[in-house]
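Protein sequences, first through last, are from chains A and B. Read the first sequence against this note's numbering and you will find it ends at 218, with the numbers running on by one and no gaps. Read the second sequence against this note's numbering and you will find it ends at 1011, with the numbers running on by one and no gaps.
To be clear, the hints were calculated from the coordinates, so they are not data collected in a lab. Incorrect hints may appear among the rest.
[Stated by the list, open to error] Distance windows between CB atoms, simulated:
1. R113/A / T824/B: 52 to 60 angstroms
2. A210/A / E714/B: 32 to 40 angstroms
3. G90/A / S435/B: 47 to 55 angstroms
4. P434/B / G127/A: 56 to 64 angstroms
5. R113/A / A955/B: 49 to 57 angstroms
6. P634/B / P176/A: 55 to 63 angstroms
7. A662/B / R141/A: 26 to 34 angstroms
8. G112/A / A830/B: 50 to 58 angstroms
Even glycine gets a Cβ: it sits at the ideal position worked out from N, Cα and C.
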Amino acid sequence: MPMIPNLIPITCTINGETVSLSVSPRETLADMLRDRLGLTATHLGCEHGACGACTIVYDGRTARACLLLAAQADGAVIETLEGASASGRIAALQRAFHERGALQCGFCTPGLLLAAAEVLAEHPAPSRDAIRAALSGHLCRCTGYQAIVDAIEATAAAATGAGSRR
Amino acid sequence: MSTDLPAPAGEPVPHRRTWRLLHGRGRYVGDIRLPGLLHAAVLRAPHAHASIDAIDTAAAAAVPGVMAVFTGADIATVCAPWRGTHGLYPRLAAPLQHAVAIDTVRWCGEPVALVVAASRAVAEDATALIAVDYTPRPALADPEAARGGGPLLHPDLGTNVCLTAAHEAGDVDAAFAAAAVVVEETFRFGRHTGVPLEPRGLVADFDPSERRLTVHHSHQCPHQMQHEFARLLGLAEQRVRVIAPDVGGAFGIKQQLYGDEIAVCAASLLLGRPVAWIADRLESFSADIHAREHVVRGRIALSADGDILAFAVDDLHAIGPYSQYPRSSAGEGRAVLAQTGAPYRYRALRARSTAVFQTKGMAGHYRGVGQPIACAVTEALVDRAARKVGLDPVAVRRRNLVRAADLPWRAPTGLVYPRLAVADCMAALDAHVDLAALRRDCDDARRAGRMRGLGLATFVELTSRGPGFYGAGGVPVSSRDGCTVRLEPGGGVRALASVTEQGQGTETGIAQVIAAALGVPLDTVEVITGDTATTFHGGGTWGSRSMAIGGEAAWRAGRALRAEILDVAARLLQADAAALDLRDGVIVEAATSAARLTLAEIAAVGHFRPHELPAGPQPQLVASASFGPLDGPFRAGSGIQLAVVEIDPDSGAVRLDRFVVVHECGRVVNPLLVDEQIRGGVAQGIGATLFEELIYDTDGQLLTGSLADYLLPTAADLCDIELVHVHAAPPESDGLGLIGVGEAGTVGAAAAVLNAVDDALAARGASIGQIPCTPERILTALGAI
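Here chain A stands alone, though its shape is the one from the complex (with noise of 0.2 angstroms):
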């Protein structure tokens, strides 16, 4: 049998701070990003994939947290909803998504703020089937999605200059 490393050293970035940590071959980056870094809003709902509460962007694109172990992250570019937030890059979203009442619980709104921005950075002007076929990796369970598309049209539209289409 292989050797396998007890603890292996990664450095990556996140939320622009370089961070170097010896991570377990079998920690999940959600695990590192939550139990190591104190980054809670990125959330386990299912850790398989299916539901997105983990979703962070990873390289560029969003990816789910729970899929990624932490040992594959060294030289990645990391952004978690804490970074996102923080930067301002989403603010647009978190005031639509609050007037609008398109959360809830919370719980799945972390992944769901993220994709809805990467939806918004590739169709500047999405239609509301585009924006509900985008958001079909993510699982909401309170509020049946309609505000959510709702925020995210309203993002668009106050984005692209154009008035809502509703």
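The hints should help you fit chain B onto chain A, whose structure is shown.
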């Protein structure tokens, strides 16, 4: 009080807590880290039914980092067992249940041992090293078999029937004999669960030096849990504190006592250290409360003119191996008895409900608690009978709805409705949609070979219950809530409310009510909830009650504080209190609106310079009120839901094309948040009807233990949900006239979708009497597979 609530009550204010949650500042139980914190993992039964012959924990205990391994017997040294009895049902068979199984396991997933270690990973590793010798016994995973006998789960009971309840009113046999049409049908409802995205969990911290237990608990009813933890763990209740921090959804699932959860408290007692446990998703599916597994034989009698003459229902409800604790498992069947035919004027009812034990997960309360079953059976029978007699189902509904002239309506179920606005709701539906055009659209599609269906469901939701069920039944569950409102030295207001928050927005509604009651700006009111050490004892979240009951308490406390503030102001100003008013946070002369004092000035005198007050009572600057409805057993909301679906005949998939909810719930404190409660409830009802099912095989093994198997609706599966609010005269008997709303969407949604699917299938001469209406079942109904 006028029809409208005083501002800012009644306004669509965003839920304030969400601002924090949107910034990653949520603090859920899984985020809490205490000094010396240990982590638990639960070993669960791999068999549906087996005796435990031996447990060897030595290898697990030897794993580095493991602090302790506790068997059921170990936990039982500090934790008393319980029975899910209910005093209103003295014949309810409630077997003794231990937190962790001792000699017999009765469902796959029942706790068998608890490992406490330095990390969750180590604890899970160690659970795999616990050796348990089991002797498997026969599983009981078929409710019909359980009613007839089957292997006894509790030999001392001599039966697998937990409870039989029955109700009869009117001359049922004569009504069926006189009917032009009788429809009889068996309806099957899949076993569901609430699936809050945040799994159940807690951090239990026992301080042996003071025998003080503090529990951070993802729960709807922290006061109930304080009482139960104290009682079952032998602690003084005033030294048990339960804190519900941010809770990531609940829906009834976080409402009971769970063996795994109190075992974590017991472990903290035994170790004198804080212990955390969070369920993983497989544990959630196997050990969260399940609900809604029913087989209902239903009959309806209809006259040739379309008068509903009678209903007869025989409900078989498959629970788990025990009656849930502390509320018992009587609730679902009771709702079927109480809610059959609820919106309609009919005269005769024969209803029976039988709850049977199963070697499946514990069953109890999920959003709507049996009301969705009663609604679906009623509405499906109405549709089928109307078609059979050759009438439009909508016309049959119109003809039979309870009207204002019928109030108070004494239903054959035995319930009395002082107000019920279903006829108003039908009028509002007509104003919002052209039902005849929708009908033609479906018929046109049908002629073009498509399978398009329209479904309607009228529903009644019983909310805001008084003490008649739990209190009178000897179950220590409060039907009351309380609120303390106090003026802080800076002139701001802080409120401590016993209601709890799982995302509904109750806190925001409470703040609106207090701001309105006092006459202060909304942003000067801070509301604290979810801590049993600081708030009144209260019911928390269950049965659509938080605003209707907790809001009333907040209003009364706010009005009392306002009266004292005006009295203090009057004494300071040597004025008549009746000539003063508190508006937008300023004491003004009522007649002229001239500003006289700020709240900060009142507060400073009260808190720091009370000697400046003329003689009279000492300033308190705090007021409290507690409230529970005593004028009736419930307050009824009502509405109509409409679904338009289209079935793909090749795949059997159902596409939702339109969904409308008409709803009436008295005065509305926050229309934005009420709308989203309804939409969220509808989404859960749609999920139940099209996707969700906990499936067990004949050996009692759960086959749907992940979110890839138990399918929740996604954004792409749902359509927009149109809402129409009906504003009927609010109830006036006490206070604000609020009616609960939390479960309304769920109560009617399944019935509307099931009827729409059935309507679409009718084009091909097929029907389906089962939810979820999965593609496989639809293709089977069509004879395609």
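Hints, one by one, checked against the model:
no., hint, verdict
1, R113/A / T824/B: 52 to 60 angstroms, "holds, 54 angstroms"
2, A210/A / E714/B: 32 to 40 angstroms, "holds, 37 angstroms"
3, G90/A / S435/B: 47 to 55 angstroms, "violated, 29 angstroms"
4, P434/B / G127/A: 56 to 64 angstroms, "violated, 48 angstroms"
5, R113/A / A955/B: 49 to 57 angstroms, "holds, 55 angstroms"
6, P634/B / P176/A: 55 to 63 angstroms, "holds, 57 angstroms"
7, A662/B / R141/A: 26 to 34 angstroms, "violated, 50 angstroms"
8, G112/A / A830/B: 50 to 58 angstroms, "holds, 55 angstroms"
In this structure, the hints that do not hold are numbers 3, 4 and 7, in rising order.
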